[in-house]
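Sequences listed follow chains H and B, in order. Note that the first sequence ends on residue 545 in my numbering; no numbers are left out. Note that the second sequence ends on residue 1090 in my numbering; no numbers are left out.
No wet-lab data here; the hints were simulated from the structure. Keep in mind that the hints are not guaranteed to be accurate.
[Unchecked claim] Straight-line distance between alpha carbons at most 20 Å, and here's what the computed DMTMM-like set of lysine to aspartate or glutamate pairs gives:
1) B:Lys-892 - H:Asp-368
2) H:Lys-89 - B:Asp-901
3) H:Lys-508 - H:Asp-463
4) B:Lys-1061 - H:Glu-514
5) H:Lys-363 - B:Glu-902
6) H:Lys-529 - H:Asp-466
7) H:Lys-393 - B:Glu-914
8) B:Lys-1074 - H:Asp-54
9) H:Lys-93 - B:Glu-914
10) H:Lys-353 - B:Asp-700
11) B:Lys-605 - H:Glu-492
12) H:Lys-363 - B:Asp-890
13) B:Lys-605 - H:Asp-54
14) H:Lys-103 - H:Glu-32
15) B:Lys-938 - H:Asp-368
16) B:Lys-898 - H:Glu-32
17) H:Lys-93 - B:Glu-902
18) H:Lys-347 - B:Asp-596
19) H:Lys-60 - B:Asp-1056
20) H:Lys-529 - B:Asp-1056
[Said to hold, decoys possible] Here are a few chain H residues that face chain B, going by a calculated C-beta distance under 7 Å:
21) Val-12
22) Phe-288
23) Lys-290
24) Val-349
25) Lys-363
26) Asn-367
27) Leu-373
28) Lys-393
29) Gly-395
30) Pro-538
Built from N, CA and C at the ideal position, the CB exists for glycine as well.
Below are the chains, spelled out letter by letter.
Number of protein chains: 2
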Amino acid sequence: MKIALCQLNFKVGDIEGNTLKILDLYQRAVSEEADLAVFSELAICGYSPEDLLDYPHFVKACEQALLNIAEIVEETAILIGCPTFSGLKFGKKLYNSAAFLHKGEIRKVFHKTLLPTYNIFNEYRYFEPNDQFQILEFKGHKIAVSICEDLWDIDETRYYKQSPMQKLIALEPDLMINLSGSPFSYEHIEERRDLMCRNALKYDLPLVYVNQIGANTDMIFDGGSMFIDRDGTIAEELEYFKEDFKIVNWQKGFKYSNHSHGYQNEDVELIYNAIVLGIRDYFQKSGFSKAILGLSGGLDSALVTVLAVRALGAENVLPVMLPSVYSSGHSITDSELLCKNLKIDVKRVEIQKIVDELENQLKPLFNDEVKGLTHENLQARTRGILLMAISNKLGHILLNTTNKSEAAVGYGTLYGDLCGGLSVIGDVYKTQAYRICRYINSQENVIPENILTKAPSAELRPDQKDTDSLPEYDVLDGILHAYIERFMSPDEIVELGYDGSLVNNVIKMVDRNEHKRFQVAPILRVSDKAFGRGRTMPIVGKLNS
Amino acid sequence: MKIALCQLNFKVGDIEGNTLKILDLYQRAVSEEADLAVFSELAICGYSPEDLLDYPHFVKACEQALLNIAEIVEETAILIGCPTFSGLKFGKKLYNSAAFLHKGEIRKVFHKTLLPTYNIFNEYRYFEPNDQFQILEFKGHKIAVSICEDLWDIDETRYYKQSPMQKLIALEPDLMINLSGSPFSYEHIEERRDLMCRNALKYDLPLVYVNQIGANTDMIFDGGSMFIDRDGTIAEELEYFKEDFKIVNWQKGFKYSNHSHGYQNEDVELIYNAIVLGIRDYFQKSGFSKAILGLSGGLDSALVTVLAVRALGAENVLPVMLPSVYSSGHSITDSELLCKNLKIDVKRVEIQKIVDELENQLKPLFNDEVKGLTHENLQARTRGILLMAISNKLGHILLNTTNKSEAAVGYGTLYGDLCGGLSVIGDVYKTQAYRICRYINSQENVIPENILTKAPSAELRPDQKDTDSLPEYDVLDGILHAYIERFMSPDEIVELGYDGSLVNNVIKMVDRNEHKRFQVAPILRVSDKAFGRGRTMPIVGKLNS
């Protein structure tokens, strides 16, 4: 049986556009004489449609698109993800389904059993879990169809009491097909590949695994669809971060050799690729092409500039320098050198007179000079307002350049440097940002060495350094990773070897800044635990005693 | 049996503080010789702790607090909500539990079966549903213990296949007790009261219903705990929007008369009370006392000023006028009159010179005068930056004054008038805002009549009116309510009698402004469908074709 693995980049909610892409690739599967074309989870509407699913007319349109596709399907069958109405009197109104289309009709519909509802996933918000198990019989084969999470219960630490494959195996399938919408994180690729191989081994069945690629706002999907032989060998592996198509000629009993391209867990390269895709899709899918950003002379804005240039092209990125009296000379020259290396224009707007006028107007109210944090924030917010004015005037989207370490401890000014439509590196710790810069320079030396070696500074007062108020970033990031990604208690983090009062201070900073993170742009997610929708903490409340 | 209904205002995550409140009220129950003191759902940690539940040390601390309380409990028993570890190898790691404490020990623990996971609820994110049903035997009675949603499956339109009460009724209870964490909406009180009465009738059992009160960030809880007789009569009803305590002397077979205080569904008064509580708790629970806000001369900022004064006291509210050349004379005089009526000070900062200086610095970059939307946004953002500077300097929290109609269509400037730590009326449509103002004036005439009768204007250009770019608010709000709260399709809304192209334009505005709403402050929730965590729409994607 010839099975086409169809790995596409869908736009959430764009039922019409997604249908056209599906039909286009289906024609290729037909022309290459595939028996079955497999698309990913919720392909019709893209993963994840979120609360669009609360609208009945949206789900009806998905079901109608499925019917329209079915009408076109002839000998080459399709297996494709789509939300469907459950029709249940009691229970959720929808299923997360995989529809089997053949010879003009929807022949069979399978539903997802295990509904991930944790971190960025909230499927039980919409869907009823499946409890009826059936096999797809096609071309003399018996196929166990499952949807994404349905195969993720293989370890004892998982979240479910049921196991759909345990039910399906009783029906004696000779092949597994899994339709997936599995998002990227730099720790996830190897885990996913390993887990799918273990599924093949456990059930002694070959596995066709089809994932989507592309970014939908904050969530990035990396593809990496696979055909895994029953011995746990990856016989075919599709591209990462790219649309791809491959036909697997599967014969029962045939032994396949390993054609995995062995994409490794080198986090820096993965994060780089994911973010470039994330920026590109954010712009393309919202109909924009051009970005602006504030270029401070520091590492973060330099990194975001390079990433934006790689994603959108040099002609589409406009960095703006907004120096103040506290900006050091190298901030200007380093920024200019970066832009020269990237062959992009750089603009400059002065903020000092504006800050002076703001403080002038405030002085009578304060009965005092404007100083301290208020003075620092005024500078950051003046930059924000100028960048937004340019954004308004030119129709460019402002990119936010805050990193994850800063976002964690609240080292940033709301409506100032926290402005922007998309947070590019808000899920990248400062120490990772350094490593990504080194990786970029190892490919092409564009980021001036001085940007990588000087001490980080917000330059909001004379001789300011980040280390005035924060520990060194390797220490800070160690504590943050333990707290945010490993859910460790303060005591447990101290046991890792960090100073007790430092740990408590850092955790307090994290807890106290939920209100800031609540108001920042969507963050391109590259780790297992990003700020944003995947981490919903109370804003008011006591978070650690 | 004497049952104490203990209705308290908990602070999320404040295990220590909540425990003290619980023990304090328990002592009252003891001194009034109650047999059983009933507290609300997740009382130990407050509802809802959200992702604090992902931290094992947090849940351990909750369990420890439960043990500590149990040690103190003697003859008067306690039934109280607390998260507990499930100890399951397969399945979620936690239960949403009700613990029965008596004579120094945790005697029995019940778990929630129906886990609301829709709108603002996401309980399946954390909890495993219960599937073991047991009865609490105490003082010769058999009590069916359930938790909140467990009783909400009475209608066929509900979300669940199971019915916990159907299981429990087989064990022949003579009383139902429901521990609840049921948030307020102005449409919800009557629904909840009716549903609980129907439960009593359906199962022919009296029902003790205990809810929490108080606001945790955006979610407001209104209390209204009840004792309902088996004939569906509300025999006792506790206060709304206030902590309360009442002992019900329940005798099997005794016929109780109606002591419901008949709190009616008059939305305007309910919304007023809920928002005042919401503001007060936001400040108290985050350790702040003072608020500032921008006072434009329009209806929304006038309403927020009154609400803030009622919540925090006149001495704790600082309105600031920030007029421009486009501000009309009445904007100043109306604002001054409002503040005089409220006996509060008002400050004034001029924005014109700052806007001029901003435009001065931008002109070379634009090769042009700054005009149009960019010019309008600069004014709004200059106001934002000034208000935030005052907030920084004085340690006051900035209140946001955007209403739901504006938030829906994106009629507001990010980092400008959308600034603020808390959105006070972001879930109140403009037409509702008018009605609340009329209600306030009917109690005490503080809002100048001219504010209520003049045409709404953002005053960002000469002679601007809201109706230049929006339909009349009664039409706009009608379309918005149908789309946001009733999930109607554009076609269905047109069938209500609205103009087709108008409906499409309004819906496009709603869809295109998800990115703005993503970055605004938490919104005090008063309707069944507020913007914020209860409505998670994709930002990038095609939302209606």
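Hints versus structure:
no.	hint	result
1	B:Lys-892 - H:Asp-368	holds (16 Å)
2	H:Lys-89 - B:Asp-901	violated (63 Å)
3	H:Lys-508 - H:Asp-463	violated (26 Å)
4	B:Lys-1061 - H:Glu-514	holds (18 Å)
5	H:Lys-363 - B:Glu-902	holds (17 Å)
6	H:Lys-529 - H:Asp-466	violated (24 Å)
7	H:Lys-393 - B:Glu-914	holds (11 Å)
8	B:Lys-1074 - H:Asp-54	holds (12 Å)
9	H:Lys-93 - B:Glu-914	violated (55 Å)
10	H:Lys-353 - B:Asp-700	violated (65 Å)
11	B:Lys-605 - H:Glu-492	holds (14 Å)
12	H:Lys-363 - B:Asp-890	holds (18 Å)
13	B:Lys-605 - H:Asp-54	violated (36 Å)
14	H:Lys-103 - H:Glu-32	holds (17 Å)
15	B:Lys-938 - H:Asp-368	holds (10 Å)
16	B:Lys-898 - H:Glu-32	violated (69 Å)
17	H:Lys-93 - B:Glu-902	violated (56 Å)
18	H:Lys-347 - B:Asp-596	violated (43 Å)
19	H:Lys-60 - B:Asp-1056	holds (19 Å)
20	H:Lys-529 - B:Asp-1056	violated (28 Å)
21	Val-12	holds (3 Å)
22	Phe-288	violated (10 Å)
23	Lys-290	violated (15 Å)
24	Val-349	holds (5 Å)
25	Lys-363	violated (10 Å)
26	Asn-367	violated (11 Å)
27	Leu-373	holds (6 Å)
28	Lys-393	holds (5 Å)
29	Gly-395	violated (10 Å)
30	Pro-538	holds (5 Å)
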